[in-house]
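Enquirer: Residue-level listing of the chains:
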Amino acid sequence: MKRTRRWKRLLAQGMAMVMLLLALSGCGGQGQTETGGASADGEKHLIMAVDPDYETFDPGRAYETYADLVLHSCYDTLLQFEGGDVETLVLGAAEDYTVSEDNLTYTFTIRPGQKFSSGNEVTAEDFKWAIERGINLQGNPAFLADYIDSIETDGDYTLIFHMKQPDASFLTKLTYSMFAAVDRETAEANGATNAADAATADTAKTWFDYNSAGSGPYRIESYTPNSDVVLVRNEYYSGTAPYFDKITIRTVTDTSSQVMTVQGGDIDIAVNVDVDQAASLEGAEGITVHHAQTATISYLLLNCAEEYGPISDPKVQQAVRYAIDYPGVLALAAEGSTVPVGPFPEGFPGSLPAQDPTALQDLDKAKALMAEVGYADGFTVELYIPTINVLGVDFVTLGQKVQSDLSEIGINVEIIPQDSAVAQEGYRTGTQSMGLRMWSPDYPDNGAQLAFLPGNVVGDRANWEAGSYPALEELGKEAETTVDLEARSEIFNEIAEIMSEESPFVVLMQHATQYVTRDNITGADYSNRYLFDLRNIAAA
Amino acid sequence: MKKIKYSLRSSSFVRMLRTNPLFAIGVAICAAWLVVMVFADLIAPCDPLLQDMAVRLQPPSAQHWFGTDSLGRDIFSRVLVGSRISIGAGIQCILIAAVVGMLIGGLSGYVGGILDDIIMRIGELFTSFPSIILAMVIASAMGASLFNTLLTMCIVWWPNYARVMRAMVIQVKSNEYVEASRSLGASRLRIFFKEILPNSIGSIIVLATVDFGNAILLFASLSYMGLGSPPPAPEWGAMVSNGAEQFSYWWVATFPGLAILSVSLGANFIGDGVRDYLDPKLRKTIS
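As they're listed, the protein sequences go chains G and A. So that you can map any letter, position 335 of the first sequence is 335 in this note's numbering, and since no number is skipped, the others follow by simple counting. With positions in the second sequence counted from 1, the corresponding number in this note's numbering is that position plus 1000.
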């Protein structure tokens, strides 16, 4: 008896401690009240609220959308995007570069006089070391360097990449933090290594989570998980100094709290805003609602393996495409969402403009296609849906819209909602007869969307095997290695036209998003690469 | 004998209706919902599954009494037809969990000793997991179907009933009339079913009626995760969670929410009344 009582008391005390800790951590997030824009002591301070996904700020390991917000501010890459533009690359740490005739050798000249936040000078060796470290860490971004054969330095300011094969997306990939200069001396002092066994030997991850060693305009001053990241100026930065002295990226998971704090003037930018909230805020005093197009697409995956029944028939797949009421689908999405041509998002270099949604549905044609292959009376198919909300679009609701549209041509859709992890497993193993999926490109270039081709990553998920469309696959290979932008975009347009007509993927929409800033904030353009280019944001 | 007992009960039912207004309200609400459940198809003005994007998210009006949802479906019709799914699932789940929990808990409390320890530890094992997670694990192991979902809910829920029942049984079994029955030579089974069970059942009934609303909600969250009634079935819980995402369109979540509220409120009132009736001690103090 006594023993059980003591146990109970211990348990009670333990729980009380946990609750106390929870309460304290809760206070930490909201206790500080700082004002946006310029604060009393003249320090220019930007505060933004995000619902982040970051796992680490190690430039060699990070590959999450929100991590780029921090990393692009702290680390300089050879080339970079500016503001919200992801079509034009501009020079970053490099002052010049040349590409060999065969597209197998890239030679970069690094601008002398750039300094890390430790005061050390940036050299080609720092780039080489950091990239090799990223490759050997074998983390999430390592695949970006798949086509690199070797890296070479020539003196302090010349960096040469030797490629295994031409990679048309290479320059875009170079904007990732994995290719940024890292202060070798500081990093090695904290356990970093570029050795072949870096995946196990490198112990610098924790240090990188709370510190930075880059040559960008900011450095990480502090990071409190689930609370905030504070960036301050890198006083050794050699480029044009950004407007703000200090940036606080605060974690606020609840979208309505984000909106309320930006309305109250406590923060300057609220990143995660619901479609409805944006509508209710339109015209509110002191704040601006921005709409922007993301590169995220939602699509229907139709399985090509015959064992999944009529849905694997190319004609049926075409019929599905013609049966969807696209304006109705877009009504469920954020303002500004569009229907792209195939899986190629509008706004990527060389992409076609979005389609007119009202001209896409053709029920007569869909019914004729169904009848042509003997399914005039329709059939039943299972649609697997992850229970997620993608940029304000509830997938289960979207699925019911699809279900109702397809019933018009006799296809009886049975919806199977699944936890997203379960749905992911079904997708990965290619066992979904029909799936509602979302896709965010790995990097902002149409090269990333070649995954949808037969035999490639996404194509495989639909059992669209290599060899099922030789002409298309040939074009894909050509696109991968064609570096000239004009020739390349011509190939991509041809692929897009084919994909939007015959493929097991019915792209439903390219999502738009919305965010709210205070009126005096300028340059807060949504970027499909960095989320926001914090170097570019200023206050009027 | 039997006839007299029956008439006595029915007259006390009428008396309860008269003397206990909350009980009367509860009965009225539940009776109304039963009528709706039976005649839902006839009462509903629209097809609950018919989508019309032209009238999506319309506020309540003469044409759509409860407004329309994000796919332009008539919420009034959906709430009416949905009563079949939600109330049906709630009743089944609570019934099974209560009966199973009652028997196991009764056994545990009555026999005591090692059996008691084993059963209660197993029960604690189930309650120590968050019910949703446990339900997800069980359902993904067994595959998703309506039957499995109900089974899952029962597995998650029985320990609550077992614990209450066990406490009641331990209390009741020390009473003199149990002792008397045993002295008269009654078998353990007879004592359990004739003396202990009827005298401990009151709390179970109260708990069951209180849990009724929770059962509808758990069923709702399970079907939202794809276990249970799949969309587009007009299931109340799924309708509420769908509406909660569109908070500025208050009517989408409010009306199915009110439906859940009214049903569980009605069940609670009835439960209170039944408890008053079943518990002689309480009955004395009130009258």
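The hints are simulated quantities; they were obtained by calculation from the structure and are not laboratory data. Warning: the hint list may mix true and false statements.
To be verified - Here are the simulated distance ranges between beta carbons:
(1) G:ASP519 / A:SER1262: 41 to 47 Å
(2) G:GLU235 / A:ILE1133: 55 to 61 Å
(3) A:SER1061 / G:ASP484: 58 to 64 Å
(4) G:ASP460 / A:PRO1130: 31 to 37 Å
(5) A:ILE1091 / G:ASP254: 34 to 40 Å
(6) G:ALA359 / A:ASP1052: 18 to 24 Å
(7) G:GLU414 / A:LEU1103: 55 to 61 Å
(8) G:ASP254 / A:GLY1113: 35 to 41 Å
(9) A:SER1061 / G:ALA538: 44 to 50 Å
(10) G:ASP254 / A:LEU1042: 39 to 45 Å
(11) A:ASP1047 / G:ALA359: 28 to 34 Å
(12) A:ASP1047 / G:LYS365: 23 to 29 Å
(13) A:ILE1133 / G:PHE143: 49 to 55 Å
Unchecked claim - Incomplete in silico selection of chain G near chain A, CB under 7 Å:
(14) ASP276
(15) ALA278
(16) SER280
(17) ALA331
(18) LEU391
(19) ASP394
(20) GLN400
(21) ILE415
Unchecked claim - So, partial list: chain G residues that the calculated Cβ filter (under 8 Å) puts toward chain A:
(22) GLY328
(23) LEU360
(24) ILE388
(25) ASN389
(26) THR397
(27) GLY399
(28) LYS401
(29) GLN403
(30) SER404
(31) GLU408
Note that beta-carbon positions come from the ideal geometry of N, C-alpha and C, so glycine has one too.
Enquirer: For every hint, state whether the structure bears it out.
Expert: How the hints compare with the structure:
1. G:ASP519 / A:SER1262: 41 to 47 Å: holds (46 Å)
2. G:GLU235 / A:ILE1133: 55 to 61 Å: violated (49 Å)
3. A:SER1061 / G:ASP484: 58 to 64 Å: holds (59 Å)
4. G:ASP460 / A:PRO1130: 31 to 37 Å: holds (36 Å)
5. A:ILE1091 / G:ASP254: 34 to 40 Å: holds (36 Å)
6. G:ALA359 / A:ASP1052: 18 to 24 Å: holds (21 Å)
7. G:GLU414 / A:LEU1103: 55 to 61 Å: violated (37 Å)
8. G:ASP254 / A:GLY1113: 35 to 41 Å: Violated, at about 50 Å.
9. A:SER1061 / G:ALA538: 44 to 50 Å: holds (48 Å)
10. G:ASP254 / A:LEU1042: 39 to 45 Å: Distance hint for ASP254 (chain G), LEU1042 (chain A) holds at roughly 43 Å.
11. A:ASP1047 / G:ALA359: 28 to 34 Å: holds (29 Å)
12. A:ASP1047 / G:LYS365: 23 to 29 Å: holds (27 Å)
13. A:ILE1133 / G:PHE143: 49 to 55 Å: Roughly 33 Å apart at Cβ, these two residues miss the hinted range, so it is violated.
14. ASP276: Given a least distance of 4 Å, the restraint on ASP276 (chain G) holds.
15. ALA278: With Cβ-Cβ at 10 Å, over 7 Å, it is violated.
16. SER280: Holds: closest Cβ of chain A sits about 5 Å from SER280 (chain G), inside 7 Å.
17. ALA331: holds (6 Å)
18. LEU391: violated (12 Å)
19. ASP394: ASP394 (chain G) check passes; min Cβ-Cβ to chain A is 6 Å, inside 7 Å.
20. GLN400: Since the shortest Cβ distance to chain A is 5 Å, the answer is holds.
21. ILE415: holds (5 Å)
22. GLY328: This hint holds: GLY328 (chain G) lies near chain A, its Cβ roughly 4 Å from the closest one there, short of 8 Å.
23. LEU360: violated (15 Å)
24. ILE388: With a minimum Cβ separation of about 11 Å from chain A (threshold 8 Å), the hint on ILE388 (chain G) is violated.
25. ASN389: holds (7 Å)
26. THR397: Cβ of THR397 (chain G) sits 6 Å from chain A, so the hint holds.
27. GLY399: Since the shortest Cβ distance to chain A is 7 Å, the answer is holds.
28. LYS401: holds (6 Å)
29. GLN403: This interface hint holds because 7 Å falls under the 8 Å limit.
30. SER404: holds (5 Å)
31. GLU408: Because about 11 Å separates GLU408 (chain G) from the closest Cβ in chain A, which is outside the 8 Å limit, the hint is violated.
The structure shown violates the earlier hints numbered 2, 7, 8, 13, 15, 18, 23, 24 and 31.
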